[in-house]
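First to last, the protein sequences are chains A and B.
So the number in our numbering is just where the residue sits in the first sequence, counting from 1, plus 3.
So the number in our numbering is just where the residue sits in the second sequence, counting from 1, plus 103.
Don't take each hint at face value.
Lysine to aspartate or glutamate pairs mimicking DMTMM-like chemistry, simulated, CA-CA at most 20 Å apart [unchecked claim]:
hint, chain 1, residue 1, chain 2, residue 2
1, A, K95, B, D204
2, A, K95, B, D196
3, A, K95, B, D269
Bear in mind the hints are in silico, worked out from the structure with no lab data behind them.
Below, each chain spelled out in residue letters.
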Amino acid sequence: MTALGTIVAAWLFAIGLYGVVTSRNLVHLVVSLSVSQASTYVLLLAVGTRAARPGPPARAVDPVLQALASTDVVVAVVIAALLLALVVQVHKRTGSLDPDALRRLPE
Amino acid sequence: MSIAGRRAAFLAGAAVLVALLTWGFAGLLPGRPAGPTPRVGDLLASASGPDRHVVDPVALVGLDARSLDALVAAFTVVAAVAGTTLVLRARPDEWAGHALDFATGRRVPPTSDAVRVLGLGLTPPTVLFGLYLVTHGQLSPGGGFQGGVVLAAGVLLIYLAGEFEDLHGLYGDRALERGLAAGAGGTVAIGFLGLAAGPAFLANALPLGRTGDVLSGGTIPLLDVVLGLGIAVGFVALLTTFLHQAIVLRPLGARR
Chain A
4 MTALGTIVAA
14 WLFAIGLYGV
24 VTSRNLVHLV
34 VSLSVSQAST
44 YVLLLAVGTR
54 AARPGPPARA
64 VDPVLQALAS
74 TDVVVAVVIA
84 ALLLALVVQV
94 HKRTGSLDPD
104 ALRRLPE
Chain B
104 MSIAGRRAAF
114 LAGAAVLVAL
124 LTWGFAGLLP
134 GRPAGPTPRV
144 GDLLASASGP
154 DRHVVDPVAL
164 VGLDARSLDA
174 LVAAFTVVAA
184 VAGTTLVLRA
194 RPDEWAGHAL
204 DFATGRRVPP
214 TSDAVRVLGL
224 GLTPPTVLFG
234 LYLVTHGQLS
244 PGGGFQGGVV
254 LAAGVLLIYL
264 AGEFEDLHGL
274 YGDRALERGL
284 AAGAGGTVAI
294 GFLGLAAGPA
304 FLANALPLGR
314 TGDVLSGGTI
324 PLLDVVLGLG
334 IAVGFVALLT
344 TFLHQAIVLR
354 PLGARR
């Protein structure tokens, strides 16, 4: 666990969340959410990395957190695909990608 | 709410979040008195070789010790693919046109020979690399999830080198459904194998083989293969759905 990994994870989470909140475009919103999700990979890998120390190489990293990160990546990608599919339909229905255009849904 | 009001509300919430994150992360930093060191990772890493005949401890965690995670991830993919296909279905006011690339206001240049040669030339090595990753997950970094995505990338190269119909002619929608079902159902079937021949659902109940062989690690390579199939077919289904949406479907008013 290093201070750098923690700071990068917190920064990615915050900047992604800021992007989601202030987004003016739904594609930008989905990408911001992906940036926010990327913080979990950094945090998992940072928690699982130990400082170099003597011992067999398998113990330099914690395999539990590596496995969690790889599951995390798969789920994040398919969720992004599902969200982008919704964005496509929103654009077809309202002709706009502005989240505020969703305020009044067409019948 | 206006954009300025929204930003103000976010900054107020973010101040609380930053305080909580600082408090939480401070306990994780080195040099702080923390709880007992987590030993699970160390135990699994040292047990992967002698107990399970697996070289890559990450494969042991993902597909044996915590194999339920892989099962849930596989079903998440199935659910997301089903949801995407449902959301992007043809609406009543749309019709399926010719599957040709088009752009409003300009002619689409034909695919250049360089792109065709590179795309078709890269397809076999990409598919081979994907198969290698799927089948060697217990020996080196890789496995079903990673190899499945590479396999799907090989299929996407066929679209880049040709047309959507070249790609869609290779398989039908039924084949995609069956592949996805085989991937998810195969994982459950291996789970019941563990219940029938071993102590628990998804338990590693097959002979372990010799460490370093491709057929080693009991159910781990088997799970890699079914997960690789499910993930590859799932991502190909996503690609097909999005390409069908972008290339084939047209609003009723449109000419082409």
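* **Given hint D196 of chain B paired with K95 of chain A - CA-CA distance at most 20 Å** => 11 Å, holds
* To do: Starting from K95 of chain A, check that the Cα of D269 of chain B is at most 20 Å away, please.
  => 27 Å, violated
* **Proposed proximity, D204 of chain B with K95 of chain A (alpha carbon, max 20 Å)** => 19 Å, holds
Figure legend: structure checked against the earlier numbered hints; the only hint not met is number 3.
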